[in-house]
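Colleague: Spelled out, the chains give:
4 protein chains.
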Amino acid sequence: MEHSPTSSEHIPVTVLGATGMVGQRIIERLRNHPWFRIASLCASEKSAGKPYAEATQWRLPSPLDPYIARMQVQECIPTVEGAIALSGLDSSVAGPIERHFAESGFAVVSNARNHRMDPHVPLIIPEVNADHLQLITRQQFRSGCTVTNPNCSTTGLVMALKPLHDSFGVTNVDVTTLQAASGAGYPGVPSMDLIDNVVPFISGEEEKMATEPRKILGTLEADGIRFADMQLSAQCNRVPVLDGHLACVKVGLRQRATRQQVEDALRNFRPSPGSLSLPSSPEEPLVYLGNPAHPQPRLHRDLGSGMTVSVGRLQECDVLDYKFVVLSHNTIRGAAGAAVQNAELLVRSRLCGALQRYAVFDPPEQQKHL
Amino acid sequence: MEHSPTSSEHIPVTVLGATGMVGQRIIERLRNHPWFRIASLCASEKSAGKPYAEATQWRLPSPLDPYIARMQVQECIPTVEGAIALSGLDSSVAGPIERHFAESGFAVVSNARNHRMDPHVPLIIPEVNADHLQLITRQQFRSGCTVTNPNCSTTGLVMALKPLHDSFGVTNVDVTTLQAASGAGYPGVPSMDLIDNVVPFISGEEEKMATEPRKILGTLEADGIRFADMQLSAQCNRVPVLDGHLACVKVGLRQRATRQQVEDALRNFRPSPGSLSLPSSPEEPLVYLGNPAHPQPRLHRDLGSGMTVSVGRLQECDVLDYKFVVLSHNTIRGAAGAAVQNAELLVRSRLCGALQRYAVFDPPEQQKHL
Amino acid sequence: MEHSPTSSEHIPVTVLGATGMVGQRIIERLRNHPWFRIASLCASEKSAGKPYAEATQWRLPSPLDPYIARMQVQECIPTVEGAIALSGLDSSVAGPIERHFAESGFAVVSNARNHRMDPHVPLIIPEVNADHLQLITRQQFRSGCTVTNPNCSTTGLVMALKPLHDSFGVTNVDVTTLQAASGAGYPGVPSMDLIDNVVPFISGEEEKMATEPRKILGTLEADGIRFADMQLSAQCNRVPVLDGHLACVKVGLRQRATRQQVEDALRNFRPSPGSLSLPSSPEEPLVYLGNPAHPQPRLHRDLGSGMTVSVGRLQECDVLDYKFVVLSHNTIRGAAGAAVQNAELLVRSRLCGALQRYAVFDPPEQQKHL
Amino acid sequence: MEHSPTSSEHIPVTVLGATGMVGQRIIERLRNHPWFRIASLCASEKSAGKPYAEATQWRLPSPLDPYIARMQVQECIPTVEGAIALSGLDSSVAGPIERHFAESGFAVVSNARNHRMDPHVPLIIPEVNADHLQLITRQQFRSGCTVTNPNCSTTGLVMALKPLHDSFGVTNVDVTTLQAASGAGYPGVPSMDLIDNVVPFISGEEEKMATEPRKILGTLEADGIRFADMQLSAQCNRVPVLDGHLACVKVGLRQRATRQQVEDALRNFRPSPGSLSLPSSPEEPLVYLGNPAHPQPRLHRDLGSGMTVSVGRLQECDVLDYKFVVLSHNTIRGAAGAAVQNAELLVRSRLCGALQRYAVFDPPEQQKHL
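These protein sequence lines are chains P, L, H and U, in that order. Residue numbers for the first sequence follow our numbering, so the first one is 385 and each next one is one higher. Residue numbers for the second sequence follow our numbering, so the first one is 385 and each next one is one higher. Residue numbers for the third sequence follow our numbering, so the first one is 385 and each next one is one higher. Residue numbers for the fourth sequence follow our numbering, so the first one is 385 and each next one is one higher.
Mixed in with the good hints, there may be bad ones.
If several chains are the same, the list does not tell them apart, and a pair holds so long as it fits within one copy or across any two.
Pairs of lysine to aspartate or glutamate, EDC-like flavour, derived with a Cα cap of 20 Å [unchecked claim]:
1. Lys-434 / Glu-465
2. Lys-592 / Asp-613
3. Lys-592 / Glu-700
Calculated from the structure, these hints are not laboratory results.
Take these sequences, add in the hints, and give me the full structure.
Modeller: Okay, structure coming up:
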């Protein structure tokens with residue numbers, strides 16, 4: 385079934401960086417979306433003017449929608465059609481382009497790191513800190529706004545920390561990641577680096593993992609976000625896996641807890657109410673797997689259409705308090721799916737001027753967009 | 385050049401578990417060894433009676449020596465020729481067989497976990513704790529004795545901890561490993577588990593990493609080894625790499641130290657004097673690599689013929705004190721090479737009755753056996 | 385949604401070899417099947433008596449249905465409930481068990497090689513030779529019958545040869561395969577054989593590829609199948625791919641044809657009419673991909689829910705006449721999906737006594753089981 | 385041991401394209417070479433002026449020689465020191481640069497495709513057609529000359545065809561390759577294309593395999609090379625292997641031969657006399673492996689220091705006459721090692737003016753450069 389171009393009741397979306405890996409995933413996630421329609425596709429000058437199918441090398445196993453294939457790619461200029469700009473732009477170019485779109489009245493939902501730590505820009509995982517969205521009321525744009533999602537390796541970690549932080553207080557986090565190749569985009573990591581090999585270095589990643597969780601798990605106060613009072617230290621590795629970032633985590637807790645209490649907290653994760661009825665919110669945002677060899681990237685990354693984060697191997701730790709393993713799909717939960725879900729949250733919140741004229745309905749249970 | 389069968393001045397060695405992965409590596413390491421000759425090859429009943437080339441599937445890129453290929457495999461019974469029994473037996477069968485060989489007067493050098501934690505059995509990395517070899521004088525065998533080397537994932541870690549422990553005192557160790565497939569032997573891990581995947585579980589491995597380092601880094605006292613006073617916590621993962629275990633390590637130190645002091649300690653590792661002139665001791669047992677993306681398994685596992693451990697990415701840590709990455713070749717430094725080196729140490733020490741009649745010479749520099 | 389256990393109008397199916405890789409895929413393909421329900425699960429003595437979830441290690445990314453997870457595994461004895469026996473048994477045990485089920489009145493649909501070349505056993509790809517199903521009327525069973533599907537590497541090849549043979553006559557076929565690890569089941573090929581490696585040998589595979597196509601492309605005559613008059617020669621390789629067999633094919637044609645005519649023949653493949661309305665028949669059984677680097681296993685194996693075979697890279701050949709590349713999903717189109725589709729064909733044909741009392745309906749377009 | 389800079393009796397060599405993958409392998413092969421010393425390293429403008437260790441990312445497991453590491457990279461201009469120019473330049477730039485060096489009096493040994501098919505440029509595998517070197521006497525340069533080696537996938541194939549062509553006459557060759565990632569250089573093939581995947585397309589490769597063997601196996605006549613009268617057809621695939629191209633070959637023979645005669649021909653390969661005493665010629669240029677699952681890339685690519693080609697799986701073929709599998713190391717036998725060996729042949733031949741003043745000696749057996 386082709387994507388319908390004329391569903392006038394849908395909110396028009398422009399995809400920035402449409403030809404990249406995250407852009408492709410965004411397009412895939414918008415297929416048959418109950419609220420959104422793709423109004424325009426933007427990419428670099430080099431791609432502009434070409435039909436999308438020619439401008440990109442579609443790399444996803446799900447076939448490219450023929451309607452999208454024929455759409456003409458445009459330059460990243462805010463004169464394109466759209467109320468929301470879903471951006472998969474690389475951080476090397478995202479900064480000024482995304483700012484320009486926000487100033488021009490777009491609701492910008494960004495996946496790049498450029499504005500994540502800006503004091504007035506919310507850094508959102510809807511299930512964790514939907515309330516931080518209030519920050520956008522302090523942004524200086526007339527009707528546009530900017531919302532960001534975290535780095536792909538941060539998201540899974542924070543999802544697992546959230547219930548522990550709520551229940552016991554997290555003071556220290558040691559984390560070592562085994563990250564998938566798709567996290568570096570395409571062409572990204574050369575084969576010669578990942579055949580019979582791993583690379584214990586990902587530029588900038590360890591720094592992001594040490595800071596972003598403190599903002600996301602922070603509290604919204606009168607003058608902005610007060611960062612969570614915890615220390616994090618990360619070591620990041622690239623491994624020969626296509627999709628799915630695995631993190632080995634050790635945590636120190638403020639408050640004593642038994643292993644069973646910790647497992648219960650993970651099993652009973654309560655997502656922010658604001659996230660509940662969004663089309664991209666999975667039935668189970670966080671799932672605890674009892675098999676001692678789980679989670680594994682290939683087996684569990686696609687749970688909940690890639691939006692479910694899985695945790696397992698919870699054990700007592702002789703150095704900090706507990707240790708466990710977390711897995712999340714890096715280009716869905718950690719990027720494209722996160723951006724689409726944030727756009728949904730933004731629409732539902734009615735906080736952004738650009739979107740206030742759009743009414744959306746709650747999807748009936750059987751139409752959850754997963 | 386074929387392995388010479390009649391070099392009567394060489395010490396006769398029997399290889400236990402000769403057909404397995406570690407056994408193959410032991411045979412490879414004994415080729416042209418200046419002190420040792422392979423006198424017999426032992427394996428399971430199923431293999432006994434066959435020429436070695438038929439009993440095994442030789443899986444190493446270095447060709448099998450034709451003389452060894454024709455040797456007839458024997459059962460693991462101490463009537464075989466040999467003064468030293470180098471054992472690559474699996475722990476499921478190693479216990480009683482190795483004990484039987486020791487009781488029968490063999491100097492047993494074991495790679496299995498069965499006897500590692502026995503109070504009178506030394507657990508040795510020659511560069512780290514050659515002095516622990518004294519323990520064998522307390523063993524009850526007439527002339528035989530038993531020496532063990534650590535688990536493959538322990539060795540690299542301990543090599544890196546040793547200079548830090550000597551200089552600053554190590555109190556806490558958080559370690560997450562990315563371990564190679566060869567660590568599980570052959571057939572070992574199915575392809576379907578490691579194509580586009582990693583497995584966050586290796587049976588028994590996390591326990592070994594939490595205990596063995598404390599014995600190796602402990603001190604020899606009148607009544608045995610006093611274990612080092614440190615806490616360790618490990619998370620172990622299997623990754624699609626053939627050889628080479630990588631470990632991401634975070635350490636807490638008893639004594640304050642600058643980053644430069646820590647790097648200096650790693651760079652100036654002083655091996656135990658006892659290890660210096662052994663044929664299998666590499667020129668550099670521990671090497672610090674300055675490139676921020678090093679060490680990597682495929683690039684650095686073969687340094688020093690697989691006996692050099694490499695360290696890199698030293699950084700301050702916000703949770704413990706410092707973090708870094710260690711790499712070691714798991715079937716050489718972590719298994720076969722370790723066993724051969726331990727056998728050399730045992731010969732040189734003259735502590736074991738079985739070996740006291742053998743004189744060995746110091747290899748001239750150009751004949752180092754690497 | 386759980387699999388409904390009490391849909392009495394569905395045809396009861398027993399899965400033989402339910403715990404193996406093909407068995408798991410069969411169970412996955414039967415989920416929400418419009419005609420079939422799983423009535424019993426059979427496996428080895430070792431598994432019998434256990435709940436299915438305990439007896440097997442579920443290795444598919446799609447979660448195991450909780451109803452199936454709780455079903456008690458039974459031994460492979462024809463007293464279990466079922467009208468159809470869908471067999472994923474390994475050929476080492478399939479022969480007598482499948483025969484026993486057929487003698488006892490089951491419609492046996494086998495994936496094993498044991499009976500494929502029996503003169504009275506049809507070897508079926510529904511889109512290619514649905515008419516061969518008539519053979520079962522010559523089987524000696526009262527009400528049971530046996531139908532087989534080809535070897536996983538044969539199926540894709542034959543799908544591509546069929547339109548060429550119909551249009552131009554195929555006289556010679558040179559084929560070299562790059563086959564996925566899942567073709568060897570689990571545990572199957574050790575990681576140590578497929579990390580940084582390929583293996584140019586798969587036991588028995590080259591022989592099957594040289595004979596099975598001649599039966600499938602043969603003609604049904606009064607006294608059985610007259611084999612197609614063509615020569616085939618195969619070289620089979622195992623490569624580090626999870627699912628999806630790729631075949632590089634060179635063909636000689638009886639009748640002259642331009643490159644365009646050959647491409648047209650591939651593009652205009654007409655499936656056997658009998659296959660058209662089966663729930664498991666994909667919309668496009670054979671698809672020609674124009675991109676010069678396609679098909680690729682990871683990108684195209686899942687087309688048509690794994691039932692579409694893709695072809696590409698058609699070129700003139702200087703030795704035979706044309707060359708091209710074929711890809712098919714080995715555990716779906718080449719095994720489990722093929723078996724389910726054959727079972728559907730058998731039901732629809734009303735040729736097997738065991739199934740004559742079951743009426744099935746044509747699925748409306750939107751309920752195609754893919 | 386460092387590379388000695390002042391061994392004035394060695395022939396000075398400049399390496400063109402020194403920073404690329406083939407350049408690195410050339411440098412590795414020249415270490416301790418009995419005839420050659422590296423006099424200069426040339427690369428792109430971007431690298432010129434930097435110490436070699438800074439200009440390149442050394443990607444080989446064998447450590448970079450410290451003397452080479454400190455050498456300053458120069459631009460590719462024939463004023464650099466050297467009598468021989470060993471070129472690992474990419475074909476996109478090799479053409480004019482290599483011609484310029486030849487015109488300026490260098491003996492140019494090229495690995496690029498640019499001049500391979502020029503009528504006066506010999507395309508050489510020393511063991512196969514050393515006599516073709518005579519062609520350089522027709523080149524128009526005063527003292528310089530140009531010699532080329534074949535494409536990496538051609539070399540192994542031709543080595544196996546040579547004894548069959550000599551004994552029985554080869555008329556037809558169907559070949560399908562499984563080629564390693566290193567064949568595309570660095571960065572080359574993205575990880576995302578080779579994790580759980582193969583790519584059935586390598587630009588220009590199939591054409592080279594269809595033409596180059598006919599020149600190499602051709603005969604030197606008064607007016608140039610008469611190409612061998614055989615038809616070749618290739619299908620080329622990229623697989624997730626680091627080094628080692630595997631080829632599945634089917635051949636038609638002019639003259640009837642038994643399987644044993646064909647195996648004998650392969651086993652009794654006689655290299656061109658001119659190749660025998662070259663330092664880079666392996667003891668066995670072609671080896672037949674009897675194990676039915678051999679050759680395999682990881683196990684056999686390094687035989688003879690990467691210069692031995694291995695063949696196996698010889699079987700009768702129902703379409704052509706025989707089929708077998710060939711393996712060769714693509715960056716050694718297929719590139720860097722081939723170039724060094726060709727340079728040796730050129731020196732020994734005394735056909736090139738640039739090299740006539742250099743006397744070389746036969747290496748004693750124990751100093752073979754492998």
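Colleague: Compare the structure with each hint and give your call.
Modeller: Structure-based check of all given hints:
no., hint, in the structure
1, Lys-434 / Glu-465, "within (17 Å within a copy, 49 Å between copies)"
2, Lys-592 / Asp-613, "within (16 Å within a copy, 34 Å between copies)"
3, Lys-592 / Glu-700, "between (27 Å within a copy, 16 Å between copies)"
The earlier numbered hints are all upheld by this structure, with none contradicted.
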